[in-house]
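**Q** Now for the letters of each chain:
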Amino acid sequence: MIRETIEKINAKNQKALSIYLTAGYPKVDSFVDLVCKVYDAGADLIELGIPFSDPLADGPVIQKSSEAALSNGVSLSSVLEMTSKIKERVDKPIILMGYANPIMHYGIEKLISDAKKAKVDGLIIPDIPLEEYEDFFTNKFKDFEITLLTTPTSSQERIRKIDELSSGFVYCVSVTGTTGVRNKFGNEVKQNLERTYNIISKNKMMLGFGISSPENIKDYRDYTDGFIVGSAVIKSLGEDDEKFTRTLKLIGELSGACKNN
Amino acid sequence: MNEQKAKYNFPNEKGKFGVYGGKFVPETLMTALYELETTYKELRNDENFLSELREIQKDYNGRPTPLTYAKRLTEHFGKGKIYLKREDLCHTGAHKLNNAIGQILLAKKLGKKRIIAETGAGQHGVATATVCAKFGLKCIVYMGEVDVERQSLNVFRMKLLGAEVRTVKSGSKTLKDATNESIRDWVTNVHDTHYIIGSVVGPHPYPMIVRDFQSVIGAETKEQLHEKENKLPTHILACVGGGSNAIGIFYPFVNNESVKLIGIEAEGYGIDSGKHCATLTIGSQGIFQGMYTYLLQDSNGQISEVHSISAGLDYPGVGPEHALLKDIKRAEYYSVTDEEALEGIKLLTQTEGILPALETAHAIAYLNELMPKTNNDDIVVVNISGRGDKDINTIIQNLGDKE
Chain A
1 MIRETIEKIN AKNQKALSIY LTAGYPKVDS FVDLVCKVYD AGADLIELGI
51 PFSDPLADGP VIQKSSEAAL SNGVSLSSVL EMTSKIKERV DKPIILMGYA
101 NPIMHYGIEK LISDAKKAKV DGLIIPDIPL EEYEDFFTNK FKDFEITLLT
151 TPTSSQERIR KIDELSSGFV YCVSVTGTTG VRNKFGNEVK QNLERTYNII
201 SKNKMMLGFG ISSPENIKDY RDYTDGFIVG SAVIKSLGED DEKFTRTLKL
251 IGELSGACKN N
Chain B
1 MNEQKAKYNF PNEKGKFGVY GGKFVPETLM TALYELETTY KELRNDENFL
51 SELREIQKDY NGRPTPLTYA KRLTEHFGKG KIYLKREDLC HTGAHKLNNA
101 IGQILLAKKL GKKRIIAETG AGQHGVATAT VCAKFGLKCI VYMGEVDVER
151 QSLNVFRMKL LGAEVRTVKS GSKTLKDATN ESIRDWVTNV HDTHYIIGSV
201 VGPHPYPMIV RDFQSVIGAE TKEQLHEKEN KLPTHILACV GGGSNAIGIF
251 YPFVNNESVK LIGIEAEGYG IDSGKHCATL TIGSQGIFQG MYTYLLQDSN
301 GQISEVHSIS AGLDYPGVGP EHALLKDIKR AEYYSVTDEE ALEGIKLLTQ
351 TEGILPALET AHAIAYLNEL MPKTNNDDIV VVNISGRGDK DINTIIQNLG
401 DKE
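Protein chains in written order, with this note's numbering: chain A, 1 to 261; chain B, 1 to 403.
Since the hints were derived computationally from the structure, they do not count as laboratory data.
Just so you know, even glycine gets a beta-carbon here, dropped at the ideal spot from N, CA and C.
All the pointers check out, no bait thrown in.
Here are the simulated BS3-like cross-link-like pairs (lysine-lysine), alpha carbons at most 25 Å apart as the crow flies:
#1 A:Lys235 - B:Lys169
#2 A:Lys37 - A:Lys64
#3 A:Lys190 - A:Lys12
#4 A:Lys161 - B:Lys14
#5 B:Lys16 - A:Lys161
So the derived label-pair ranges between C-beta atoms look like this:
#6 B:Glu47 - A:Lys116: 54 to 64 Å
#7 A:Ile108 - B:Gly400: 43 to 53 Å
#8 B:Lys41 - A:Asp40: 53 to 63 Å
#9 B:Lys134 - A:Asn13: 51 to 61 Å
#10 A:Lys117 - B:Val19: 22 to 32 Å
#11 A:Lys116 - B:Asp272: 39 to 49 Å
#12 A:Thr138 - B:Glu42: 28 to 38 Å
#13 A:Arg89 - B:Arg44: 56 to 66 Å
#14 A:Asn187 - B:Thr38: 25 to 35 Å
#15 A:Thr138 - B:Lys329: 27 to 37 Å
#16 B:Ile392 - A:Lys116: 52 to 62 Å
#17 A:Lys249 - B:Arg44: 55 to 65 Å
Throw the hints in and build the complete structure from the sequences for me.
**A** Right, here's the structure in full:
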């Protein structure tokens with residue numbers, strides 16, 4: 001479903017927009033509503049972050065949201081419950097994104113069966129690189145689209161392998177670093193994007209890390225199939241009113257930049 | 001299991017110690033980890049590198065450190081014979097410098113200009129700041145806010161050495177969070193930065209590299225005891241946080257099956273209190289900071305907040321090689337409480353005139369359990385991983401002027 005969704009959008013010469021939300025942030029009660037509104041505001045896909053105590057690929061904004069979600073009592077089981085509820089209302093792709101330990105602790109077999117029931121479409125686990133892929137993503141995961149990440153430090157050979165083992169899309173990390181808004185990007189971002197976009201042939205490619213504004217999207221739209229926005233949205237949610245007015249407006253603008261060709 | 005013991009040759013080519021270890025880190029770091037592994041594998045057989053390493057270990061670090069017969073401590077127990085491997089006499093006061101020297105030479109070969117490190121008690125931070133001063137490299141040390149407070153002396157020392165100490169305020173504000181923050185820095189600055197991990201933890205090849213640089217402890221112990229007693233020890237005792245001083249003294253004896261290897265973890269306020277760091281004693285397997293190993297975690301796989309009076313043992317994970325040694329029953333792991341460790345401080349100080357670090361005091365405290373069970377011709381070696389000057393504030397707070 002993930003790949004088809006991105007393909008349909010690209011066929012109209014538009015880019016896909018994926019919004020990362022930390023599950024249960026800012027509040028558990030209103031979270032399912034929030035997700036539905038984020039889809040309405042223009043998100044094509046949603047990545048639901050499973051909170052973890054030690055998110056070492058994340059910058060301060062997502063770290064804080066993760067801490068808050070944990071103190072709101074969010075666990076992998078509750079993320080799956082939320083997914084079920086969202087899927088009852090909106091039939092668009094949901095991708096779970098989380099670190100390996102809570103997933104392993106839940107039990108791989110149990111997760112696969114429960115995630116299927118909840119209609120999860122895909123999985124991203126940033127601390128399972130190629131080297132650990134086979135041991136972790138056994139063929140039991142075949143019903144899910146697994147996304148691996150490429151980074152500016154990945155060799156051509158690694159990017160090819162990442163493309164081969166991913167399904168759905170490949171997550172192209174814009175810069176070396178953790179998640180979070182960046183004030184400026186250097187020229188090397190474009191170079192890396194162009195290089196990576198050329199190598200990836202099997203999958204769609206989405207660009208993430210530091211993408212925060214319609215301007216970023218305009219700058220890079222020729223070199224990717226879509227954009228992932230996380231920290232900018234989480235930051236806005238942390239400062240927003242109860243109706244998420246500003247955040248939904250931001251998503252509308254990001255979506256506008258993706259859809260305007 | 002026995003087969004594994006007979007062919008002890010870890011890590012394998014995937015960086016695994018049995019099922020433990022591995023490389024569970026973001027893709028950004030993978031190229032740097034391969035580069036580090038390749039360079040290290042070249043250097044470990046390079047005679048120029050090895051002789052430079054030996055020279056610095058000797059003339060700068062003060063190696064070999066003595067193996068001291070602890071006469072009055074032995075008499076205190078009235079059984080067996082106790083020797084102390086004196087890593088407290090290393091330059092900067094702990095075994096940590098053994099690894100920092102090796103890794104700074106590696107960083108030089110890798111052409112890295114900027115060094116980062118995490119620290120708990122501050123000993124690894126001081127060791128790293130020291131080698132950075134000696135080799136003229138920029139040094140940034142991440143330290144949890146809680147540890148910055150309880151180890152203020154070492155914070156000052158690091159700054160004096162020219163390092164920048166960055167206080168980490170996320171999570172539990174201790175060693176694990178300082179390590180997270182170091183990994184985040186490395187992910188960001190990987191092109192010009194080498195991360196000197198201070199223990200046998202993290203993604204492969206770190207647990208192997210740190211073990212190899214620390215193995216000088218065990219190799220010297222073997223030679224020195226051979227000279228003094230013409231035999232192997234029967235027991236080796238070391239404290240375990242991440243486990244670098246323990247692996248350092250254990251590793252050269254792993255194939256000497258008669259030698260009992262005993263690691264002592266920090267039990268904090270006691271297992272039942274839930275406030276401890278007895279990872280191998282009661283932990284379960286999981287993935288954390290780049291490795292598959294034993295962890296202290298809750299039923300959802302969230303890493304637990306841990307406690308020890310000793311900032312150097314205050315860590316919810318443990319080196320993957322210790323996880324393997326436990327599973328194949330080649331090493332045994334036990335724990336002692338904060339209170340017992342404080343008694344250990346007094347015991348060693350008052351019988352031998354040696355003030356051990358709070359970390360080391362955990363191993364000393366376990367002698368109370370071990371010695372009554374020994375035979376008269378048993379030889380117990382305790383790794384005195386560091387000296388206790390840095391802990392004076394904590395010791396005063398807990399023992400006051402009662403003594």
